[in-house]
Every structure is written in C-alpha cells, then in structure tokens.
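S.K.: So you can see what is in the structure, the chains are spelled out below.
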Amino acid sequence: SQQGEEDPQALSIQEGENATMNCSYKTSINNLQWYRQNSGRGLVHLILIRSNEREKHSGRLRVTLDTSKKSSSLLITASRAADTASYFCATDRRNDYKLSFGAGTTVTVRA
Amino acid sequence: DSGVTQTPKHLITATGQRVTLRCSPRSGDLSVYWYQQSLDQGLQFLIQYYNGEERAKGNILERFSAQQFPDLHSELNLSSLELGDSALYFCASSSSGTNTGELFFGEGSRLTVL
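Residue numbers (our numbering), protein chains in the order written: chain A, 1 to 111; chain B, 1 to 114.
Think of the hints as simulated: they come from the structure by calculation, not from any bench.
There could be a bad hint or two in this list.
Cβ-to-Cβ under 7 Å is the rule here; a few derived chain B residues that face chain A [to be verified]:
(1) 39
(2) 42
(3) 48
(4) 55
(5) 58
(6) 69
(7) 106
Quick list of simulated restraints, FRET-style, between CB atoms [to be verified]:
(8) B/83 to A/51: 38 to 46 Å
(9) B/10 to A/50: 35 to 43 Å
(10) B/54 to A/111: 20 to 28 Å
Glycine included, C-beta positions come from ideal geometry on N, C-alpha and C.
Build out the structure end to end from the sequences listed, making use of the hints.
M.R.: Set out below in structure tokens:
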C-alpha cells in the first residue's frame, strides 16, 4: 500500500495563482521528498525535507513538514503553464531502502 | 536529462511472453531502483540493488526478476506476461547507499501486453 496520500487528487488554477497540495503518511519517516512528473515522462526530484526540518524553500517552491500530524504540504507560488504536471510525495524510513510514493496530485495551470 | 537510460522505450507483446527491460544508471551511482506505474496501482516499488546486491524488495511478483551487473547496469525480467502487467516501468538511480536520498528517474519503458 502507498505510504503517502496526496490531497487533492486534482487541482486547476489560473496562471499566476498559487497551488497548494498536501501529503499525509502513516508511519515515522526519515525524509520526505516531492517529485514532479510531466505526462508520460520520468519523475523529476523537486525537494527533500528531513524529518527534523519544518520548512524548506527552493525557488518558487515551499515545503512544510509536520511530523506530529504526519503531513507535508507543497506550495508552488506564481504558477506558470509549465508547472502543469502531477506531483508526488515520497517517504522513506530509517534503515528502509525503498522510497514509497503517494498517488499524486494532478495540477493544471490555465493560461 | 537525468542521466538514467532505459531501453526499450516502448514494447508491445502478447500474454505468456517474456521481456527484458534494461537500465543504465547515472555515472557513479551504485543504487538502482525499479518501479511500476499503472493507472490503478500508482507507483509501486519493485526492487532495489546496491553495487550488485539486492537490498530491498517490494511488491515484485514471482514472475518478475531483476539483477544488477558488475558494470552497474540493471535488467528487469518479466515472464509469463499477463494483461495486468501492462504499465510504465521506471528505473531510478541514486548515489546514496545508506538511505534513499534523491532519485534520478529514467524516462521509463512502456509495456503493453495484448
């Protein structure tokens, strides 16, 4: 079963707006990562946040992590048409070598 | 370009057949991961190798097997194929051996079983 679950499943926004998606997971984690996948393409790593971190920024991306609630959020600011993609959170656990992905959030940015 | 190469990009075959998917990791990466992506199951972890040795196993069917060779390329063998095996198969590599870290994904091999 998936370790992470994203919410919402789909999101449609206007160019220039912000997009926020959430990820919840079930067990204690070592790291949480976010990936982007353009339709039918390979996944691209966006950002990694460690379990002892609460917030991280990378360009227009802002990720938060709340380990007490077992949840994370990804904020994309000032969205662009090129941000149209599926976004996945992925978690790994200490001494567990696999990275488990959620079902993803499909984001459509309208011009 | 992630630096991870997967071949073939597309593959169409019949039920009962066997196929081999190949992956060349990024230069210097010792870890290779295989994932299956389908509409109903999402991204499923299959198996991971580190420097030639199997390190983690996920929801990999007994009909599937994999290996990592001394030159670090990896192959995923799928046999006795069923319609439900139709999916996008991804290989990813990582430089980390002790925890997962950032994965670099190939463009995938799309398998269609008819």
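S.K.: So, for every hint listed, does it hold in this structure?
M.R.: Hint by hint, here is what the structure shows:
1. 39: Violated, because the Cβ-Cβ distance from residue 39 of chain B to chain A comes to roughly 11 Å (cut-off 7 Å).
2. 42: Interface hint status for residue 42 of chain B: holds (5 Å vs cutoff 7 Å).
3. 48: holds, 5 Å
4. 55: holds, 5 Å
5. 58: holds, 6 Å
6. 69: Residue 69 of chain B check fails; min Cβ-Cβ to chain A is 19 Å, beyond 7 Å.
7. 106: Hint holds; residue 106 of chain B Cβ to chain A Cβ min 5 Å, cut 7 Å.
8. B/83 to A/51: 38 to 46 Å: Taking Cβ atoms as reference, residue 83 of chain B and residue 51 of chain A lie about 40 Å apart, which means the hint holds.
9. B/10 to A/50: 35 to 43 Å: For residue 10 of chain B and residue 50 of chain A the Cβ distance comes to about 38 Å; the hint holds.
10. B/54 to A/111: 20 to 28 Å: violated, 47 Å
This entry does not satisfy hints 1, 6, 10, going by the numbered hints stated previously.
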